[in-house]
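Chemist: For reference, the chains in residue letters:
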Amino acid sequence: MSERFLVEAVNDALHVEMERDASVLVLGEDVGKLGGVFRATAGLQERFGANRCIDTPLAEAGILGTAVGLCMAGWRPVVEMQYDAFSYPALDQLITHVGRYHWRTRGTMTFPLTIRMPYGGGVRAPELHDDSPEAHYVHTPGVKVAIPSTPADAKGLLTAAIRDPDPVVVLEPKLHYRTAKQEVPDGEHVVPLGQARVAREGVDVTLVAYGAMVPLCERAADALAGEASCEVLDLRSLKPLDEDALLASVAKTGRAVIVQEAPRVAGFAAEIAAVLAEKAVFDLHGPVLRVTGYDVPYPYWQLEDYYMPSVERVTDAVRRVLAA
Amino acid sequence: MSERFLVEAVNDALHVEMERDASVLVLGEDVGKLGGVFRATAGLQERFGANRCIDTPLAEAGILGTAVGLCMAGWRPVVEMQYDAFSYPALDQLITHVGRYHWRTRGTMTFPLTIRMPYGGGVRAPELHDDSPEAHYVHTPGVKVAIPSTPADAKGLLTAAIRDPDPVVVLEPKLHYRTAKQEVPDGEHVVPLGQARVAREGVDVTLVAYGAMVPLCERAADALAGEASCEVLDLRSLKPLDEDALLASVAKTGRAVIVQEAPRVAGFAAEIAAVLAEKAVFDLHGPVLRVTGYDVPYPYWQLEDYYMPSVERVTDAVRRVLAA
Amino acid sequence: MSQVLPAERGLRRVIGDGASVPDGQVDGLSADDLLALYRGLVLLRTYDERSVVYHRQGRIGTYAIFWNHEAMQVGSAFALERRDWIFPSYRESAIGLLRGMPVATVLQWWRGHPAGWWNPLDWNVASICVPIGTHVPHAVGFAWGAKLRGEDRVALVMFGDGATSEGSVHEGMTFAGVTKAPVILFCNNNQWAISTPVSEQTAAPTLAEKAIGYGMPGVRVDGGDVLAVYEATREAVARARAGDGPTFIEAVTYRAAPHATADDPSLYIDEERVAEARENECVGRFARYLERAGLLSEDVAAEIKDDALARLREGIAEAEAEPPADPALVFDYAYASPPPGLADDLAELRRILGR
Amino acid sequence: MSQVLPAERGLRRVIGDGASVPDGQVDGLSADDLLALYRGLVLLRTYDERSVVYHRQGRIGTYAIFWNHEAMQVGSAFALERRDWIFPSYRESAIGLLRGMPVATVLQWWRGHPAGWWNPLDWNVASICVPIGTHVPHAVGFAWGAKLRGEDRVALVMFGDGATSEGSVHEGMTFAGVTKAPVILFCNNNQWAISTPVSEQTAAPTLAEKAIGYGMPGVRVDGGDVLAVYEATREAVARARAGDGPTFIEAVTYRAAPHATADDPSLYIDEERVAEARENECVGRFARYLERAGLLSEDVAAEIKDDALARLREGIAEAEAEPPADPALVFDYAYASPPPGLADDLAELRRILGR
Ligand SMILES: Cc1ncc(C[n+]2csc(CCOP(=O)(O)OP(=O)(O)O)c2C)c(N)n1
Ligand SMILES: Cc1ncc(C[n+]2csc(CCOP(=O)(O)OP(=O)(O)O)c2C)c(N)n1
Ligand SMILES: [Mg+2]
Ligand SMILES: [Mg+2]
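Residue numbers (the working numbering), protein chains in the order written: chain A, 1 to 324; chain B, 1001 to 1324; chain C, 2001 to 2355; chain D, 3001 to 3355.
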């Protein structure tokens, strides 16, 4: 075990997996000499050489498209998108090829690529450095999505993603890159995809969250101490989704508040609500509420605290569900 | 009134609006001389000239990006994307610019552009001619989305989209381009965005649908005649969403089945289910079911009937809701 | 003003016109090679012509016709070794036939049957790419990846003139240049992207000069001349194997058939140019070359044609004999390790279908 | 092999080095014009240097430094009329100052305050574009659209060397060529995209020769020479106004400061080249030119500098005096005609915030 920041845990996972498997390579903008704008890939190029940690041209569709070809040549690429919103130029490759090529070969070729990127807001950054694009990825067949909320999970989920035979998108909460610090297992550490984590036990209401919204929900649970006993469920992986854990928790509490920082309309929280509306409707003692970003462009950063789900908005929702 | 196929109604709307407003122009791949691969833009270039109905290079991001600039120069562009899946290269422009630029100018400039495209499956086409990408569009702040299910609505909603001050994506059910035929009002015809249509009244269950799923639900309602009285709600516009109509119908029937042909996970049906789980939870007599495409690549066409929601799958869901 | 990289404006030709333009020769090609090229041309031509008929008969779906594109496909593929990979677009749907892929497989693709997707590892032919130009980065990544692994493999990627406008082609070519990937960027310039002429795709007078901006040579060849195509590709392959990186080849022809079975070119095309192209179509051109060289008798030509026709007859029969695909194939292979819900979905579907 | 379009390899220069390279002149520029150029340079330089200080003091957020890029911005903007539009990237965040935009506005952008978004119609300066190169199609569409309306307006779009790899730049340039849009594609080649050198962006020896593939002229100019930049842009503007379409300008410099305040270039940059670039930085270079020509006295230079400093002092004071933005601004302007739910969201937020 070593104490590591979340971004250091990411870096550690890359070191361990590249050491373990010579077919793993890392590519992206500024991942080499600089070690990434957040230093997530620091030290990889020195250690594994410029052929396994590769600075690419500034062209996201090209990065993801060549990664598809690298898979075909036997590599297991880990692609960095420099920021959430800068992954959009690669959506076409993702939807039309990354999610479809294994199927297209009738299962004969695998595309075990990992796309990792810092995501989310709250970091006082200029425009388009704050997006939460998970819904686009989850809605893409053939693609899995994981979002860690802790340093240990950041390492474990990324490791699972790299080893997974399918393409996996890993969104890393950049807000907590250097604020979350935790003991992280040294060496190989796998957190399997599809297993949610009960971050806090409770009986009155389930707060469903992932990524940066998990510690927020924990703070909301603290704020409600004495008033309501909140269970905080950290989904960890959005696809595969741990429906059993979700349904078990809501069966127990009878109430759910889903927290997501992406814009509300057709976001991933809606999928959770839909699962509950289908499979837990008779367990529910109140409405399923969503606390989310709004259907507006992510705002200028002086306003971002109004946009992002806050402890106040979560506690307000919990109180409304309890009062229903 | 004239009898028109759905695609003819689209064409008619374009003729009328280009005549009415000299700032409307149409651009896209093969929209000019050919009049579009589905003939939706037939006759426009002859009538309005090659400067108002423009064949572009084969470059979707370029098409949408230049359309943003055309708006800045005072035009009201109507962009055709040749097929659903070929709109993905333009998602980056859509998310990072089309949905944000009005906001970026603090409301001082408008971007009244319309993006229209044929969408959906069931047409026995090669790969990637069958997608239903609405969730990506609805999840994009600043962008509105309409999906007609009838020729008259195809004309009326497209007209509303062209006149709307915001960017609007209009998805046209290509399956019904030349199968749906109806009396369509001549001349100007507007169906305002945000008003759902009760396609069929019923009291036992609400079938919520849009686009090509509306006639399917009507057939399912027919199949259930005597057994269950189905209300079919045609949403028409996904954003703005007519929540009042949705909630009124479900308040009446107490049951909802949502039908969408896009892959299920994080699709638009989830948003509808989430609205119901929040605002109609005490009205519901049973689970909210979704009948959707699956979380798989849209299949080879010999298999597409298994993938697409069918009368059998919808009636099965209705029976399950009624039995709950 | 100093000089930029050379890119060609003139079209390379080998085959003469039987009159004022004399026939050339390609070094190293034996009589057998020349006949093998001819067999390939006839096989593809036959495949294409029969497919149009099958489409009319309702036996295959929408089909992208490649009539008069055969020389580009056969000439370039012939310059490769079997270990090299081909990345086709829909326009080269049948290029796998040149590597022995069964006719039935390709027909199944156009029949919308899952048996139409092959295992690329069996033929070193990637899956057919439908979205324009998006396979260019795949080919570049593959070639680069093979080079990084120390394997001697070249990739050939085929795309149209319209594709050169797409960002993904630009990005792929950029990567190709920078990584010196052993890849051949083969552009079939048939001068039309459906109804859009190449003059509306770019203001550059030729596509070959696009290569300059990527720091790679741009070559221009008569796309109806199988020998010129072969020779240009062979040079590019040699460059690639020597570690000198990618080459862009613009092969020029004229689309002499509809874009696809659903298209009506009369709305936009220049019928005179079509007539000219049909007159000068690539298979006949090579046949006449071989005849002039005394390498193709009527008998051999007939035997080659019969053989191709037989393969098509067998292929369509085989394709039509294939049982309808099971609903499980909707779900199979979407994931190598599927999320749990898919099995439930299949079970539900089977219950509803009663099968 | 016939010849392709000319593209330049040599760098155009006007300003000499005070020694072996003699000073040139640009026809038609008056002494007042030259001083106006100098004022612009000093204003931008002052803005930039103060911004770095404000950032260190925590008064503005992350900031993209443009030190030694001033000549490219001032020289090119000076070649435009007020009715012409400028499409800046984050690297040209302050270019509006040259058109009279208040310093406070630009500072607010970097302070994350909504007052930092201006009305483009007020200045004919588009919003700052953050995602690389994606504003190129906007500029092209604008210029093309103005031309279609019969308006005499040129668009100038500015982007970096790294941007030339992006598909959106390719597609924008393709449209520019085909539509003959009156647009100037101005590439600031500072030889770095964060830590990635231009040699890893393309295998082409220069960026100017990328123009060839789009059928437009490619010009190469010393980006530290405000007069050369001005002259090259003026030529491009004249071409555009004459209906001859777009021009690509590659202005070459060397990034002499970190990419942005958060960057640590010591990990990758060539410090010698940085030292050289700082030595030869563009504002001092032009000052010396003016001094050699007897057009700039110490007094005038001091007055210009003081004036700029005063504007910055006032600007930051004004920016800091702006009241914090109201939560309503989270929702305002997301739509011109908003969907109903947004008003409810604001009401709920106000209830929770108690304001
Ligand atoms: C990204 C994308 N956009 C649009 C289409 C629709 N489409 C299919 S073929 C075609 C024209 C392609 O022209 P070209 O690249 O010249 O190839 P050719 O068909 O002439 O071989 C178009 C626009 C597509 N398949 N993919
Ligand atoms: C689409 C996109 N990808 C990545 C980034 C992150 N990023 C910001 S600046 C930059 C480098 C840009 O280099 P260049 O185009 O040379 O411009 P310069 O900053 O040198 O002026 C990168 C990669 C971005 N802003 N947009
Ligand atoms: Mg073509
Ligand atoms: Mg740069």
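I should point out that these hints are in silico values taken from the structure, not numbers from a laboratory.
Honestly, I wouldn't trust all of these hints.
[Stated by the list, open to error] Distance condition first, Cα-Cα at most 20 Å in a straight line; then the derived DMTMM-like pairs of lysine to aspartate or glutamate:
1. B:LYS1033 to C:GLU2318
2. C:LYS2180 to C:GLU2235
3. A:LYS279 to C:ASP2345
4. C:LYS2305 to C:GLU2049
5. A:LYS33 to D:ASP3344
6. B:LYS1279 to D:ASP3345
7. A:LYS33 to D:ASP3032
8. A:LYS279 to C:GLU2348
9. D:LYS3305 to D:ASP3023
10. B:LYS1279 to A:GLU227
11. A:LYS33 to D:ASP3264
12. A:LYS279 to B:ASP1316
13. B:LYS1279 to A:GLU278
14. A:LYS252 to B:GLU1278
15. B:LYS1279 to A:GLU304
16. B:LYS1279 to D:ASP3344
17. B:LYS1252 to B:GLU1227
18. A:LYS33 to D:ASP3244
19. B:LYS1033 to C:ASP2270
20. B:LYS1033 to C:GLU2272
21. C:LYS2180 to D:GLU3200
22. B:LYS1033 to C:GLU2200
23. B:LYS1181 to B:GLU1218
24. A:LYS279 to B:GLU1227
25. B:LYS1279 to D:GLU3348
26. A:LYS33 to D:GLU3348
27. B:LYS1252 to A:GLU278
28. B:LYS1033 to C:ASP2264
29. D:LYS3180 to C:GLU2200
30. A:LYS279 to B:GLU1218
31. A:LYS279 to C:ASP2344
Source: prediction; values computed, not measured.
Chemist: Could you work out which earlier hints the structure fails to respect and list their numbers in ascending sequence?
Modeler: Of the numbered hints, 1, 5, 7, 9, 10, 15, 18, 24, 26, 30 do not hold.
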